[in-house]
Every structure is written in C-alpha cells, then in structure tokens.
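> Each position in the sequence shown, counted from 1, maps to that position plus 3 in the working numbering.
In short, the hints are calculated from the structure, not lab data.
Bear in mind the structure is a predicted one, so any value in this text is a computation, not a measurement.
Using N, Cα and C, we set each Cβ at its ideal position, and we do this for glycine too.
Treat each hint with caution, since some may be false.
Straight line, CA to CA, 20 Å or less: simulated EDC-like cross-link-like pairs of lysine to aspartate or glutamate [what the hints assert, rightly or not]:
{"id": "1", "residue 1": "Lys282", "residue 2": "Glu316"}
{"id": "2", "residue 1": "Lys304", "residue 2": "Asp330"}
{"id": "3", "residue 1": "Lys200", "residue 2": "Glu153"}
{"id": "4", "residue 1": "Lys145", "residue 2": "Asp159"}
{"id": "5", "residue 1": "Lys96", "residue 2": "Glu218"}
{"id": "6", "residue 1": "Lys74", "residue 2": "Glu201"}
{"id": "7", "residue 1": "Lys237", "residue 2": "Asp315"}
{"id": "8", "residue 1": "Lys152", "residue 2": "Asp229"}
{"id": "9", "residue 1": "Lys157", "residue 2": "Asp229"}
{"id": "10", "residue 1": "Lys200", "residue 2": "Asp229"}
{"id": "11", "residue 1": "Lys268", "residue 2": "Glu321"}
{"id": "12", "residue 1": "Lys67", "residue 2": "Glu201"}
{"id": "13", "residue 1": "Lys59", "residue 2": "Asp159"}
{"id": "14", "residue 1": "Lys304", "residue 2": "Glu201"}
{"id": "15", "residue 1": "Lys152", "residue 2": "Glu218"}
Across the chosen pairs, the derived CB separations fall in these ranges [as the list claims (entries may be wrong)]:
{"id": "16", "residue 1": "Met360", "residue 2": "Asp172", "range": "56 to 62 Å"}
{"id": "17", "residue 1": "Lys59", "residue 2": "Asp172", "range": "35 to 41 Å"}
{"id": "18", "residue 1": "Ala194", "residue 2": "Thr57", "range": "20 to 26 Å"}
{"id": "19", "residue 1": "Lys205", "residue 2": "Gly77", "range": "20 to 26 Å"}
{"id": "20", "residue 1": "Asn137", "residue 2": "Gly348", "range": "57 to 63 Å"}
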Amino acid sequence: MHKPAKEDFVDSSPIMRMGAVDKTEVNKMKKWTIGTLGVLTMLMFLPATSQAATVKYLKLTVMKAKLWPSKADGRCWDICLGKRYKLPARGNKDYQKYFENEEFRKACTGSKSPDAFVVLKVGTTTFMTDKFNNTCTPEFKKNGTYISKEFVLKNDGKVPFTVEVRDNDGAANVRFKSDLMGSFTAGSVPAALLAGKELTLKSFGQVEELVIKGEIVTKTVSDGCDGTYKVTVKSFDVKATKSNGKAWDNKWLTGGGGRPDVSVKFSTGGTTIQTKAYKNTVSASYSKEYNNSSSAVVVKKGTVVKLTVYDDELRSKETIGETAIGDACKIFKGAAGTYTFSNFGRVNNVVIAYTKMN
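When you get a sec, could you build the whole thing from the sequences and use the hints?
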C-alpha cells in the first residue's frame, strides 16, 4: 500500500499557496483576519447615521390684483350709505380704460373701496396675506417686499389648489368677517406655478385680475437628531444652602464649611454618565481628572433626557435637584454644541457639551 508522502497533503488556503511562510507571520495574518471580522461585526450593530433629506417647496408670491369696485348687486364693498355707482360694462381687456369713467374712479376712491386680502390653499395648508385698504389695485407688498409663502410640495403638485380674494370688514388688523370677492379652484397646482412662472387669473367673481408667481425651492433638512454623540458634563453651579436654609453638610465634621460634595448624573437612551463628586464646593468645571464625566450616548428623537444633581454623603446621596427633557432633539441640535439645564431644585445650572460621532 502506498504510504502518503508529506507532499500528498495539499493545503489550498491562500496562506499556504504563497509557499513557505514563517509560522509567526501566519499567526499574525490569522489575528488580523479575526480582528477585521470583529470590527465589521461591531459596525453592523452601530446605530445608523441620521441622514439629511431633500424637501421640495412651492413658494407662492402674491403680487397684485385688479378689482371691481362694487359687489355683484352694485353695493359698495364698504359703507357708502346705499349709494349705487353707474359703472361701465365689464369685459374691457385694458383695466386702465375703466378709470376714464368718472363713476368708476369715484367708486375706487376712499373708504368705500375694497380692503382686499388673498387666501391661498394648497392641499391642506392655508395661508392668508395681510389686507390692503381702500384700493381697487392692491400690490401685496410688506416692507417693500411681495408677500410669499412656502408650501411643502406633495405628490408633484397634484393636490387641490384654491385662491380666494376677500374684502375685509373690520378695524385695522381685525377681521370680524369678510366678503368673498372671487375664488379660483383647480384639482392640482397650475403648471405655470410649478414651472416658476407668473400665473395671471382673469375675471373670476368680482376680480378682474390676480397675479401670482411660483417658484420651486429645494431645501436640505435634517431628519431629526438621531445618532451617537459624545456627551461631556462641563460644569455645575448650585445654591449654597438647602431650601430650608440649612447647610448641605455638617460644617464641623466635614471641614468644608457646610458646602456640598456635588456629583452629576446624566442619562438618556439607556446610557448614564455619573461624574465624580467635587468636594466642598457649590460650583466647578470638570477637568481631565474627572474623566468619567464623558461618554458616548445613543440619541433618538423622542428619547427622554434626565439630569440629577446630588450631594454625595458618606453612605448615600441627597438630591440637590433633578429635571428632565421630554425630547432629546431639544438638546442635540447640529453636529456640536452646548446645552444649559437651568433653575431646577437648588441647582442654578449644569452645562453639558456634545459632539456628534455618527
């Protein structure tokens, strides 16, 4: 029987195919492979990085209007003691021609003429401009700039679209009621607005003309504060006595003049930072000596953040103050920053710093 020679056993692994390899090098390569697999496994379980999202908005700018100076029944828009003006027939393509008629000019002059404002409704979102008093030809400008509103563009603009022009009845900045001058409704946002052009609506109700301009605006918005942050408790400041006026500690036994031994506990998302106690002081900033004042913290929108400040006793802790924030996103804003917890219990403030890691 053939006795297998050593060369009959062939190892097809990449390491062995390289030829004679020192055993030390083989062990190094194995350790490197195991270490790499370990790192990859850890990365699989890290929380996903919060991504920014791109959102499209439809910016609508209300520019100007040309209005008929009376209601459909001939009455003035505002009080004119029952007077009816003999207005020219409607349908003139040149609105300025109407002002050649003396009755039209009178009807468009003074407090009896309309106090117009515009209501825009895109989908379920409604916006209302300021009102512009006593004019048939309002320009919808505020502080020299046309009034505009950005609407989140949903379903590529295939949402109900409505424009109303109304006459305000009431004192300045008060709207007791209003009269509809004209309305325009469409099943979707008009194509001209989606193309960034001006849309001129003509002859609806008692409105001769209304000009609106559209513009598509793209913004990058954060999808919340989710991620992993390095959080550091930076400093604290507490009141020198308890609420009953007594010292925190026994002045004679501790030798600290009754001042507290302050420690801070920060917790959120299952992670807790518990600092060492600063002896006999009411305020301090943390240094490298107190290196347990920092930790990586996993943050998600809606996570509760709790902060408690203690006076550390020999065998127990006495609470100086505690507070909570219902949503971590109120604290963690942006890639880095600080947040101050203020005025809770007998605590003046605690400052934390944070840096986003992923």
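> All hints are to be evaluated individually against the structure, with a verdict given for each.
Status of the hints after comparison with the structure:
no.: 1; hint: Lys282 x Glu316; verdict: holds (10 Å)
no.: 2; hint: Lys304 x Asp330; verdict: holds (6 Å)
no.: 3; hint: Lys200 x Glu153; verdict: holds (15 Å)
no.: 4; hint: Lys145 x Asp159; verdict: violated (30 Å)
no.: 5; hint: Lys96 x Glu218; verdict: violated (27 Å)
no.: 6; hint: Lys74 x Glu201; verdict: violated (27 Å)
no.: 7; hint: Lys237 x Asp315; verdict: holds (18 Å)
no.: 8; hint: Lys152 x Asp229; verdict: violated (29 Å)
no.: 9; hint: Lys157 x Asp229; verdict: violated (25 Å)
no.: 10; hint: Lys200 x Asp229; verdict: violated (38 Å)
no.: 11; hint: Lys268 x Glu321; verdict: holds (13 Å)
no.: 12; hint: Lys67 x Glu201; verdict: holds (11 Å)
no.: 13; hint: Lys59 x Asp159; verdict: holds (9 Å)
no.: 14; hint: Lys304 x Glu201; verdict: violated (40 Å)
no.: 15; hint: Lys152 x Glu218; verdict: holds (10 Å)
no.: 16; hint: Met360 x Asp172: 56 to 62 Å; verdict: holds (59 Å)
no.: 17; hint: Lys59 x Asp172: 35 to 41 Å; verdict: holds (37 Å)
no.: 18; hint: Ala194 x Thr57: 20 to 26 Å; verdict: holds (22 Å)
no.: 19; hint: Lys205 x Gly77: 20 to 26 Å; verdict: holds (22 Å)
no.: 20; hint: Asn137 x Gly348: 57 to 63 Å; verdict: holds (58 Å)
Hint compliance for this structure: hints 4, 5, 6, 8, 9, 10, 14 are not met, and every other hint is.
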